[in-house]
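Per the numbering used here, residue 240 is the first one in the sequence shown, and the count goes up by one each step.
Quick caveat, the hints were computed from the structure, so don't treat them as lab data. Don't take every hint at face value.
Within a straight-line C-alpha distance of at most 16 Å, the following computed EDC-like cross-link-like pairs (lysine to aspartate or glutamate) qualify [claimed, not checked]:
hint: 1; residue 1: K290; residue 2: D339
hint: 2; residue 1: K277; residue 2: E261
hint: 3; residue 1: K408; residue 2: D310
hint: 4; residue 1: K312; residue 2: E299
hint: 5; residue 1: K357; residue 2: E320
hint: 6; residue 1: K357; residue 2: E248
hint: 7; residue 1: K273; residue 2: E299
hint: 8; residue 1: K313; residue 2: E331
hint: 9; residue 1: K313; residue 2: E301
hint: 10; residue 1: K357; residue 2: D406
hint: 11; residue 1: K408; residue 2: E331
hint: 12; residue 1: K290; residue 2: E320
hint: 13; residue 1: K313; residue 2: D378
hint: 14; residue 1: K312; residue 2: E258
hint: 15; residue 1: K273; residue 2: E248
hint: 16; residue 1: K357; residue 2: D386
hint: 17; residue 1: K250; residue 2: D386
hint: 18; residue 1: K290; residue 2: E261
hint: 19; residue 1: K357; residue 2: D378
hint: 20; residue 1: K250; residue 2: D339
Quick list of simulated restraints, FRET-style, between CB atoms [as the list claims (entries may be wrong)]:
hint: 21; residue 1: W385; residue 2: V241; range: 47 to 53 Å
hint: 22; residue 1: Q349; residue 2: R316; range: 32 to 38 Å
hint: 23; residue 1: R278; residue 2: K332; range: 27 to 33 Å
hint: 24; residue 1: E251; residue 2: T389; range: 32 to 38 Å
hint: 25; residue 1: K283; residue 2: A243; range: 36 to 42 Å
hint: 26; residue 1: L293; residue 2: L242; range: 50 to 56 Å
hint: 27; residue 1: R278; residue 2: V241; range: 45 to 51 Å
hint: 28; residue 1: K312; residue 2: D284; range: 27 to 33 Å
hint: 29; residue 1: K277; residue 2: E331; range: 44 to 50 Å
Here the structure is a predicted model, which is why all the values come from computation and not from measurement. Ideal Cβ placement from N, Cα and C applies to all residues, glycine included.
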Amino acid sequence: KVLAQQTREIKEWYRGALEEVEASRDLLLVAGAKARGKRAKLVKDDERMGKMLLHPLAPELENLGRKNSFDFKKWRRLMDEEFPAHWRVWLEKGAIPYPDRYPGPARNVQLMFHMLNKYSRLESTLIYSSLGRDRHINDFVADFDWDPVTERTQTLGKLRNFIDSIDEKIQPWNP
Numbered sequence: 240k241v242l243a244q245q246t247r248e249i250k251e252w253y254r255g256a257l258e259e260v261e262a263s264r265d266l267l268l269v270a271g272a273k274a275r276g277k278r279a280k281l282v283k284d285d286e287r288m289g290k291m292l293l294h295p296l297a298p299e300l301e302n303l304g305r306k307n308s309f310d311f312k313k314w315r316r317l318m319d320e321e322f323p324a325h326w327r328v329w330l331e332k333g334a335i336p337y338p339d340r341y342p343g344p345a346r347n348v349q350l351m352f353h354m355l356n357k358y359s360r361l362e363s364t365l366i367y368s369s370l371g372r373d374r375h376i377n378d379f380v381a382d383f384d385w386d387p388v389t390e391r392t393q394t395l396g397k398l399r400n401f402i403d404s405i406d407e408k409i410q411p412w413n414p
């Protein structure tokens, strides 16, 4: 009975972490496309849009504007303060319930949020670039092996791999 309760608690925690990462990623995708004057393909996916709009930061990203009316000051606050603070709760020491029971997913959660942060910085770099500005100092993630668009695509792929890997591990857990 205790084991079943622990398993349920673990599964719920990981499900919450995955939902946070997916919703944050989708918010950044939509905000980035909108800022550049485009429309993200995922707006046609009602399920993903529904989950994304439930995210606490969704209203903030909705009102950033597009192209010349883009609110860079608000974007910086989101990138440098609000998103990192929101993600920090998932990474605090002791946040993962019973990490020793499933060490693989426990390690991957850290890497997944790191990859999400990298993706957010790449998305920001693309916004600045497409709107004729130099990349913000806080958005520096590395010397790019590829151009920022390709690097962003690669990072999204890696993020998807972390999500799938964790999801695959928690699916068979039946409390």
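For each hint, the structure was consulted:
1. A threshold of 16 Å between alpha carbons decides the hint, and for K290 with D339 the separation of about 30 Å lies outside it, so the pair is violated.
2. For a cut-off of 16 Å, the pair hint linking K277 to E261 is broken: about 20 Å separates their Cα positions.
3. Distance check on the hinted pair: K408 and D310 sit about 40 Å apart at the alpha-carbon level, beyond 16 Å; violated.
4. At most 16 Å may separate the alpha-carbon atoms for a hinted pair to count; K312 and E299 meet this at roughly 12 Å.
5. At most 16 Å may separate the alpha-carbon atoms for a hinted pair to count; K357 and E320 meet this at roughly 15 Å.
6. With a C-alpha separation of about 29 Å, the suggested pairing of K357 with E248 is violated against the 16 Å cut-off.
7. As the CA atoms of K273 and E299 are separated by approximately 13 Å, the hinted pair is consistent with the 16 Å bound.
8. Note on K313 and E331: the hinted pairing is violated, with a Cα-Cα distance of about 26 Å set against a maximum of 16 Å.
9. Simply put, K313 and E301 have alpha-carbon atoms about 11 Å apart, close enough for the 16 Å limit, and the pair holds.
10. Distance restraint check for K357 and D406: the Cα-Cα separation of roughly 21 Å exceeds the 16 Å cut-off, and the hinted pair is therefore not satisfied.
11. Distance hint between K408 and E331 is unfulfilled; the C-alpha atoms sit about 22 Å from each other, more than 16 Å.
12. With a C-alpha separation of about 22 Å, the suggested pairing of K290 with E320 is violated against the 16 Å cut-off.
13. Distance hint between K313 and D378 is fulfilled; the C-alpha atoms sit about 15 Å from each other, no more than 16 Å.
14. Only pairs whose Cα atoms come within 16 Å are accepted, and K312 paired with E258 is rejected, the gap being roughly 27 Å.
15. In summary, the hint linking K273 to E248 is not supported, as the alpha carbons are separated by about 37 Å, beyond the 16 Å threshold.
16. Proposed proximity of K357 and D386 is supported: the alpha carbons are some 14 Å apart, at most 16 Å.
17. A threshold of 16 Å between alpha carbons decides the hint, and for K250 with D386 the separation of about 38 Å lies outside it, so the pair is violated.
18. Only pairs whose Cα atoms come within 16 Å are accepted, and K290 paired with E261 is accepted, the gap being roughly 9 Å.
19. Restraint check: the Cα-Cα separation between K357 and D378 comes to about 9 Å, which is no more than 16 Å; the hinted pair holds.
20. About 14 Å separates the Cα atoms of K250 and D339, which keeps this hinted pair within 16 Å; it holds.
21. Remark: the range hint 47 to 53 Å for W385 to V241 is upheld by a beta-carbon distance near 49 Å.
22. For the hinted restraint 32 to 38 Å between Q349 and R316, the CB-CB distance of approximately 25 Å leaves it violated.
23. As the Cβ distance of R278 to K332 is approximately 41 Å, the hint placing it in 27 to 33 Å is violated.
24. At roughly 36 Å, the beta carbons of E251 and T389 sit within the given window of 32 to 38 Å.
25. Taking 36 to 42 Å as the suggested C-beta distance range, the pair K283 and A243 conforms, at roughly 39 Å.
26. At about 31 Å, the CB distance of L293 to L242 disagrees with the hint of 50 to 56 Å.
27. At about 50 Å, the CB distance of R278 to V241 agrees with the hint of 45 to 51 Å.
28. Restraint check, K312 to D284: a C-beta distance of roughly 30 Å satisfies the suggested window 27 to 33 Å.
29. For the hinted restraint 44 to 50 Å between K277 and E331, the CB-CB distance of approximately 36 Å leaves it violated.
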